[in-house]
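With the hints as your guide, set chain B onto chain A.
From first to last, the protein sequence lines stand for chains A and B. Take the first sequence: its letters are residues 1 to 726, numbered as in our numbering. Take the second sequence: its letters are residues 727 to 886, numbered as in our numbering.
Careful, some of the hints might be misleading.
As the list claims (entries may be wrong) - Where chain A lies over chain B, by a calculated footprint (3+ residues, C-beta under 8 Å): (1) 747 to 755; (2) 758 to 764; (3) 791 to 803; (4) 829 to 837; (5) 857 to 865.
Just so you know, the hints here were simulated from the structure itself, not pulled from any lab data. Being a predicted model, the structure only gives us computed values, none of them experimental. Quick reminder that beta carbons are idealized off the backbone N, C-alpha and C, glycines included.
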Amino acid sequence: MMAKQSRQGNSEGGRRQGRRGSGRREAFWGQLTNWLDDWLAINPDGTVTAFSGKVELGTGVRTALAQIVAEELEVPFERVHMVMGDTERTPDEGYTAGSMTISTSGTALRNAAAEARRVLMEMAAERLDARLDELTVQDGLISLIRHPQRKITYAKLMGGEAFNLEVTEDVPLKDSKTYTIVGTSTPREDIPRKVAGQPSFIQDLRVPGMLHGRLVRPPSAAAELISMDESSVAELPGLVKVVQRGNFIAVVAEREEQAILAAQHLKVKWRERAALPPMQDLYTTLRSQPTQDTLLVEQGDYETSFKQAARQLHASYYQPYHAHASIGPSCALADVKEDQITVWASTPGPYPLRGALAQLLDVPAEKVHLIHVEGAGSYGQNGSDDAAADAVILSQAVGRPVRVQWSREDEFVWEPKAPAMVMEVHGGLDTQGNVVAWDYHVWSPSHVARARSPEQLVAGQLLFGQAAPQFGFSFGAERNAPTNYSFPNQRVTVHYLADSPLRASSFRSLGGAENTFANESFMDELAAAAGMDALDFRLRYLADARAREVLKAAAEKAGWEARPSLHGKKKKMAQGRGVAFAWYENDQAIVACVAHVLVDATSGAVRVKRLVVAHDCGLIINPDGLKNQIEGNAIQSLSRALKEEVKFDEWRVKSVDWDSYPILTFSEVPEVEIVLINRPNQPALGAGEPSTITTAAAVANAIFDATGARLRQIPFTPERVKAALC
Amino acid sequence: MSGEIVLIVNGKPHTVQAAPDTPLLYVLRNELELNGPHFGCAGEKCGACMVLVGAKPTLSCHLPISEIGRSRITTLEGLIEDGELHPVQRAFIEEQATQCGYCVNGMIITTAAMLWKNPHPTDEQIRAALDGNLCRCGAHLRILRAVKRAEKLISGEEEE
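So here's chain A without its partners, still in its complex pose (with noise of 0.2 Å):
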């Protein structure tokens, strides 16, 4: 059932001429403006108000951005107030993901800034009688340069009125080299306010007359209602209404904690299917699925010359379903009054959300506000949208405010996990070791199945019953599929799944971690069957000088000594190192890792003791902002890759706590240590996801390198390991 597209290309997945481009792409990125000032107001009290569309997620943006608004505008970072994330006030942006903040909202702000300067110089010119090359400007004050006392601030010159103009295109930009504020570690202006409880997150979120709801979810996603008796909550205090429709069921109280109480005694009946396959077949599932298949790269003679190679390889590679499994589960508010809904939600994506709420309510997408608020980090696609229509359909039911928190288990069980996916790759060595040929594949759903419409929302499901799957726009598995690795002869091929047994939408870097897990594995199968140094054997197909550098600094950072793989060996306690590199989306960010482990071979359990990342985002915005999310990437990265999966059994999701979805304690935290590579003459790459991508590669070729198992499926448990050692 291979329905062959051939050669569509990377354009779903690249970048330099798709993300601007039109159709359902320019949804996903929102509707670009020019306007000066959608982007900035200069307030009468010197202050600077920047507007972005995009929101924070507990990555720092907020922070990052007002930097680059302070720096081009020259004026003082603490003036600039960023307004982030509401359709009321901000530019639409689409979604804040992919690492795209820094170099869309950022480059945006950045024009937008350097415009209102040019502006203002030249009403200054006009004000002060003087040439533009006679002025100078500090901290939002314009002077001439050899009269300091003739001057004016921008506040002044604005007096309280807007631009009334658009950018120009090719607006002159400062030169990176006189950045002041752009390149400092600039701390985040959220900090003292979260380490002092001062109200930060929707969670803390309350608005008056307010009333709390709780859901009462079915036991699983293909759960029917057969009967409610809501008398069994009838006598329960402060409850105000069990809410019911089709199988969408929510309980909504005075207090929080009755409505915990009446949710826990609501008595529903359901009936279940097994609508899922047994999870030990969830990898044949995945193989034995029609797909819609793009070959997205084509070079050189593969057949050929994968038949006269020498050597042959090949190996799949697994990947399970992960959790986002944010710390703080979703939350959202509403109030859903007759001329007026207003709606405060976690959302990555204000504008998309409010399409798809003004659908669900019928109403036109003008009468919803949607303003974004901070919740716990989500690092994709969480819960925050499901809650946010829950939250909606409770307040038109009750005619008041509500809140919706959901449970720990709503979070586990409801929020769309990281797809599961399956690679294959088969490669030719010849006698000299070289690689001359290369066959990669990956089976996967789309990772992209964001809340454009009710149906996408989990409220909208369980009102309206589940869509049937069919293939539509699949998106994400291409990532970081291809290599940049100069190879004679290859060809890499993306299966597309119809649908995903799991609900399943976009984690972190979406299909570019598995794939790299399996390429750069791979690579380091290649290697070793080559009797190769992994690093000299990659640094044979990487042409890039700045790819070469990142790969040579990881190395040399971690004191990487050339030879190959000691595989075989197998001593209790056994160290191991590895290396994996990528160049996040083959056009971003450039990442290597190496990681130093230590496998306890009794009992295959995996020490991983240190981890030493390399990386080139180009114009480096913020240091410490940049190695708070590197640290962060590699410790989540590393918790994915040995402890994480989510349990299913043909009938429920089983991971709903943190017992049965453990993630990585302090206890189990390497050193990761950090090379930074500014390039201040080359464009700001986004940082959120790119080493995410390299850590379980670099792992799964350590514990090789230490004991010769070859770990392929994620995640690498000691049962695993012990296994792979036998």
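For chain B alone, coordinates are given in the frame of chain A:
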């Protein structure tokens, strides 16, 4: 129902309205409108809801208010004295020791309690003390550095 339960929170008595079996967390957040302790798992597994009961770091998501008695409860907000942040809070700012910051409450509460009991913990003791506090963003190394910095701030070696 039970207007007679009085909790001493951050040095002040509060007469609470909630039923006696209500977990402390909801009273702190919804009646006292405190934002330090967070709802995380309601299963005593993640540490987001931590407060100090006396000097003991305590999970508040299950603890019924009827069991607290006259013990003094201190939340993240209560570590601030006369507008001055606690040294542990300062250390977390200086080390920029959060990403999203949702878990930081439990990290600071655990650290403050640990350093009272043991002013100079070893690295292993610090990690062991924090093992019950989950962080999903991967801010662990920064948090460990913040604990070391707090240790120095408290012992006066690095007062600035």
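For each hint, the structure was consulted:
no.	hint	verdict
1	747 to 755	holds (count 4)
2	758 to 764	holds (count 5)
3	791 to 803	holds (count 3)
4	829 to 837	holds (count 4)
5	857 to 865	holds (count 8)
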